[in-house]
Amino acid sequence: MKSNYLSWRLMSFLYLILIVSFGYSQDDDFDATVDDDKKKTATGGFGADLAKNVSFVNFNGYITNEFFSVQGSNTTFDNHYFNIFISSQLTERIFIEGQLEYEHGGKDIDVRYAYADYKVSEAFVIRSGKFLVPAGQFNEYLYPEYLNKTVSRAYVNREISPSAWGEVGVQVRGRLGSGDGATPFYSVYVVNGLNGETSSIRSLRGNDRDTRGGNDNKAFGGAFGVDVGDDITVSANYYSGKYTPDNELNLSIIGASFYMNKEKYSLWGEYHMADQEAYNDFTDPSLGSVTLKKNGFYVQGGYMFTDKLEPIVRYDAISLDGAPEDDRSRITLGANYYLAETAVVKVNYELVSDDGADGDDNVFGVQLSIGF
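Adding 69 to a residue's 1-based position in the sequence shown gives its number in our numbering.
Keep in mind that the hints were calculated from the coordinates and are not lab data.
Some hints could be false.
[Stated by the list, open to error] Label-pair restraints from in silico Cβ distances: (1) Leu169 x Ser142: 30 to 36 Å; (2) Pro393 x Ser157: 44 to 50 Å; (3) Thr160 x Tyr384: 33 to 39 Å; (4) Tyr210 x Ser142: 21 to 27 Å.
Using N, Cα and C, we set each Cβ at its ideal position, and we do this for glycine too.
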């Protein structure tokens, strides 16, 4: 009940801020009058009408093609992503962006995020819609493959704080200070929350709660961090909410991120831990529940050997309480060759150590990723 009470209070507070900000802000002068005679034409529709009022709409995206050879298994090619970003600035205060995801050659099609920002100031921005959860720097800023420096994402960014994690709700965010020296930033949000009947956190991202009439317990969280100059970012994040359809079991995730990109060197790292209440048998809640303790991290370093060639090494590991056969660690050795600033060919070899029945699962991967 305490979590429910806090989330409702936070949600009410954020919406109150939204209403007051819209009511009292001095936006750009514009004429909201619609001339019906000029709008009604024999050709075109809503899009053509909007084009007369919106100065521009940007279309960008990225494509990712991959080849994998898994030890003891088959090889495969994958048109992993062809994703489109659509963005627009309606006024000096209103920004809109969305990402359409076309995955695995069309097998999976989704809207990764779609939100509107209302900027009161640089320190106070209201975001509403489906947005990337501020659950570490990787999820919010670095998960697209043309930015990520390895072929595969770290285990912790898949199984504990799942990357490309979007939620529907409202968020207040901002950056404090002039941008010189250390610049703090923050975010606070209320969302519908993860949902499912499984202890696999990654499998809870489907946003079922957004299409089933809502839920009684909203999830809430936030992040706080500091940019040190243009090179270093340090941040911490928190998420908590009920995740089962019966609104009984809670999931909390806390994490920390460190990113440095300085001249020829890069050093990235994240740590996330989760406390997840789980039924002993999700088909029969009467059998009781336990609290699973999960954690994971990665540390990754790179060096631009030339203007185009970047060797990479990463170590990552996860521990999944309740599923020890899935505990694993990995050393990734790789090299990136940049064809352009947002076009890269990656070659990785992953040495995997796990507690499963088959330890021979090292992976060789090649990836072409282009942001356009």
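Honestly, do Tyr210 and Ser142 meet the 21 to 27 Å range at C-beta?
With a Cβ separation near 33 Å, Tyr210 and Ser142 fall outside 21 to 27 Å, so the hint is violated.
Given the range 30 to 36 Å, decide if the beta-carbon distance of Leu169 to Ser142 lies inside it.
Given a distance of about 31 Å, which is inside 30 to 36 Å, the answer is holds.
Is 33 to 39 Å right for how far apart the beta carbons of Thr160 and Tyr384 are?
For Thr160 and Tyr384 the Cβ distance comes to about 47 Å; the hint is violated.
Lying within 44 to 50 Å: is that true of the beta-carbon distance Pro393 to Ser157?
48 Å, holds
Of the hints listed earlier, those the structure fails to meet are numbers 3 and 4, in rising order.
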